[in-house]
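Starting from the structure of chain A, add chain B where the hints point.
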Amino acid sequence: MTQNITESHYAPDAAVFRQVVPAGEPFMRRVARGQVLRILDLEGNQAVDTLFYNADDTEERYDANNTIRGQNNIYLTAGTTLVSNEGNPMLTITADTCGRHDTLGGACSAESNTVRYALEKRHMHACRDSFLLALAEYDHGMSKRDLPSNINFFMNVPVTPDGRLTFEDGISAAGRYVEMRAEMDVLVLISNCPQLNNPCNAYNPTPVEVLVWDA
Amino acid sequence: MSQTTPRALDTASVLWEESVPGGAHWSGVLRRGVTLRVTDSTGGANVSMLFYNWENTLERYNMADTLKGQHTAFLTAGNVCYTDMGRVICSVTGDTCGWHDTISGVSDAATVKARYGAASYQECRNEYHRNGYDSLVNELGKYGLGRRDLVATLNLFSKVTVNDDGGMQFHPGNSGAGDSVDLRFEMDALVALSTCQHPLDPDETYRPRDIALTAWNSGVAGPDDHCRHLCPENERAFINTERLYT
Numbered sequence: 001m002t003q004n005i006t007e008s009h010y011a012p013d014a015a016v017f018r019q020v021v022p023a024g025e026p027f028m029r030r031v032a033r034g035q036v037l038r039i040l041d042l043e044g045n046q047a048v049d050t051l052f053y054n055a056d057d058t059e060e061r062y063d064a065n066n067t068i069r070g071q072n073n074i075y076l077t078a079g080t081t082l083v084s085n086e087g088n089p090m091l092t093i094t095a096d097t098c099g100r101h102d103t104l105g106g107a108c109s110a111e112s113n114t115v116r117y118a119l120e121k122r123h124m125h126a127c128r129d130s131f132l133l134a135l136a137e138y139d140h141g142m143s144k145r146d147l148p149s150n151i152n153f154f155m156n157v158p159v160t161p162d163g164r165l166t167f168e169d170g171i172s173a174a175g176r177y178v179e180m181r182a183e184m185d186v187l188v189l190i191s192n193c194p195q196l197n198n199p200c201n202a203y204n205p206t207p208v209e210v211l212v213w214d215a
Numbered sequence: 216m217s218q219t220t221p222r223a224l225d226t227a228s229v230l231w232e233e234s235v236p237g238g239a240h241w242s243g244v245l246r247r248g249v250t251l252r253v254t255d256s257t258g259g260a261n262v263s264m265l266f267y268n269w270e271n272t273l274e275r276y277n278m279a280d281t282l283k284g285q286h287t288a289f290l291t292a293g294n295v296c297y298t299d300m301g302r303v304i305c306s307v308t309g310d311t312c313g314w315h316d317t318i319s320g321v322s323d324a325a326t327v328k329a330r331y332g333a334a335s336y337q338e339c340r341n342e343y344h345r346n347g348y349d350s351l352v353n354e355l356g357k358y359g360l361g362r363r364d365l366v367a368t369l370n371l372f373s374k375v376t377v378n379d380d381g382g383m384q385f386h387p388g389n390s391g392a393g394d395s396v397d398l399r400f401e402m403d404a405l406v407a408l409s410t411c412q413h414p415l416d417p418d419e420t421y422r423p424r425d426i427a428l429t430a431w432n433s434g435v436a437g438p439d440d441h442c443r444h445l446c447p448e449n450e451r452a453f454i455n456t457e458r459l460y461t
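Protein sequences, first through last, are from chains A and B. Per my numbering, the very first residue in the first sequence carries number 1; after that it's consecutive. Per my numbering, the very first residue in the second sequence carries number 216; after that it's consecutive.
Careful, some of the hints might be misleading.
Not everything, but these chain B residues come out facing chain A in the computed CB check (under 8 Å) [claimed, not checked]:
1. VAL229
2. GLY284
3. HIS286
4. SER319
5. ALA325
6. THR376
7. VAL377
8. MET383
9. HIS386
10. LEU415
The set of hints was computed from the structure by calculation and includes no laboratory data. None of these values were measured; they are calculated from a predicted model. In this text, a Cβ means the ideal position worked out from N, Cα and C, and glycines have one as well.
Pulled out of the complex, with its shape left as it was, chain A reads as follows:
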């Protein structure tokens, strides 16, 4: 497995925005074209479920299929262009000290937890609940229709040559980050995953930090 590690020269002290997102919380913010967005894995192997929208036309949004097909590779890392459903570049990953990120595994939900783990897991906190609350608070008519396949930053979800898909132990660690430059004005929507049933995060959801720099 090839690992692609690219470090950033941006200093945290120079960031124009910094916010810690606790485990299990959503986050939504506008990032202007040219700004640089970093997601920092504070304690290691935390899944950061993430979606992007064109800030001026939210029907244009991140498209997992177009993104992986555009680079002919299913893993996201430095050099990846995040492509919209309209085929436009939304952001470019410019630094990545984790190595690769998933965009096929989707977001956990109450209903998918009943299927994946047990029927009585329905009442555990899940990413799609965080997404729905954040969209409702944003209050621009966005709803579940606006939740396509997302990115799972720091998650390791390999597909094998014979077509199996597995959730493997994470390859991230405390202090690793992924950084991307916005190619259009975007809304970033994050659910800092609260999943307690999956060993990929050692059954322990932890906080992440979001940082933004001006160009």
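Chain B in isolation, oriented as in the chain A frame:
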């Protein structure tokens, strides 16, 4: 891979049959207990499909949940398609082909023009070049749905594998003339499809292939059904589905 011999149809149970030309788009409602056979008429077809709960189209086929639940990146006989609500919208009860792509999405106007050249309606009339994205937006629009609802598609008859470094590889010739896949509907479903070429098909000639659709009354999954018992996740998803119709 899990290839099956196509089940002989009892002609008395067939509800309807229809041909869909290559490059076209189609939609319809398939009721719980009906099976839809999709047949590749000439070989090399691609059918990009989406499924929605007909009673509440906010509930729809979910690629990630389908793959995670069954620990697979492609679909074949025995697999089911999950909705985002943890239910089974349809089951793959027969498959002579062995591999159906779930991860590649659809072509759009720019990629079709780049690969095959320009061919407008003004010049070519109904031989004009169509693309998967606009085709599905077209069908979804008939039900009040649109770009927001166009999620990751299932691409019948197309095979894309992933190597150890994550590279994606399209396999020409995955499906031959007469290959078919049977989708048994476990929920009342809106089905939208496009027969445009697969976006990773390296063929430089625009030649989307024809398909045939055959629907018949099959009933839903029984207690010993192979798809139901493929994995514990499927068993739980069938319980969720049956609670909706109890």
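Now the hints, each set against the structure:
1. VAL229: violated, 32 Å
2. GLY284: Nearest chain A Cβ about 5 Å off; hint holds.
3. HIS286: holds, 6 Å
4. SER319: holds, 6 Å
5. ALA325: holds, 5 Å
6. THR376: Result: holds, 6 Å to nearest chain A Cβ.
7. VAL377: holds, 4 Å
8. MET383: With a minimum Cβ separation of about 5 Å from chain A (threshold 8 Å), the hint on MET383(B) holds.
9. HIS386: violated, 11 Å
10. LEU415: holds, 7 Å
This entry does not satisfy hints 1 and 9, going by the numbered hints stated previously.
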